[in-house]
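Peer 1: As a plain string of letters, each chain reads:
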Amino acid sequence: MKISTVSAHCDGPCGIYDPASARVPAEALLSMTHKLLELTPPKAEDATAHAAYLNTFSRYVAIKESQAELTKNELLILWTDYFKPPHLEAHPQLHDLFWTAAKLCSACKQEINHDKATALLAKVKEIHTLFWATKGRDVPWVTAAG
Amino acid sequence: MSTNPDVQAHRVQGWSMWPTLAEGSTVVVLSAARCSAVGQQWPPEVGAIVVARHPFRRGLAIVKRVAGVDAAGRFELRGDASIESEDSGSLGSFELEALVGRVVGRMHAAVTVT
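Residue numbers (the working numbering), protein chains in the order written: chain A, 55 to 200; chain B, 4 to 117.
Treat the hints as calculated values from the structure; they're not laboratory data. All C-beta atoms, glycine included, are put in the ideal place defined by N, C-alpha and C.
Calculated lysine to aspartate or glutamate pairs in the DMTMM-like style (CA-CA distance at most 25 Å, straight line):
| hint | chain 1 | residue 1 | chain 2 | residue 2 |
| --- | --- | --- | --- | --- |
| 1 | A | K170 | A | E119 |
| 2 | A | K138 | B | D83 |
| 3 | A | K138 | B | E89 |
| 4 | A | K189 | B | E87 |
| 5 | A | K138 | B | E87 |
| 6 | A | K138 | B | E26 |
Some chain A residues flagged as far from chain B (calculated, every beta-carbon gap over 10 Å):
| hint | residue |
| --- | --- |
| 7 | L91 |
| 8 | L108 |
| 9 | V115 |
| 10 | P194 |
Same shape as in the complex, but just chain A (with noise of 0.2 Å):
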């Protein structure tokens, strides 16, 4: 029997979500934060080199800070506009495992932490395991920094 579809969107959808878009900046938030972690201040009173040192230092918290951020919005993306009541039923964690891993991006720019950058790259793959698995599919977790 032929059956057709109706449609119960539910915004303008585009239907594409992947949990891709909050690891890769997870990842440059936690090589951002190994690299603060490995700077070397000068010596105070060469003021070239402090003033170059306090720019580097700068740009990578402001990148870091950035990348906290933009891992925050799309996790927050996939959490209140892909996952339905369903989803939550299925997986009763979900909504403490999208709220420990917003919670680690602030946590993340607030510090130079890399426990905490750490576990939030962790909870992005609890995340990617559980999103692929209510589609059905076995998607497997890469990253870039290999």
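Please arrange chain B on chain A, whose structure you already have, making use of the hints.
Peer 2: Quick look at chain B alone, frame taken from chain A:
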């Protein structure tokens, strides 16, 4: 069933009619003409679930609930998942001619979510 234009099966895409209709469920739709013949109210009353032509997207049929009828006889259609539904909130109200049929039942209501 497919040979009868008055009785159609439609598969639901999307979640805007949740919790009444899940994505993937199949609804039975009676055409406007058939509704009158079998005593189903047409034009549909407030509360009826209908299939309508999307006003801007050619060939797209949408399933929503009649939430109101204004003084001009135009229909306000809303999704049951009211806070995330593309419906009269953004599409405006619908002429009766845009309504193609009435949902009278579900053939398959199972929700399969992994």
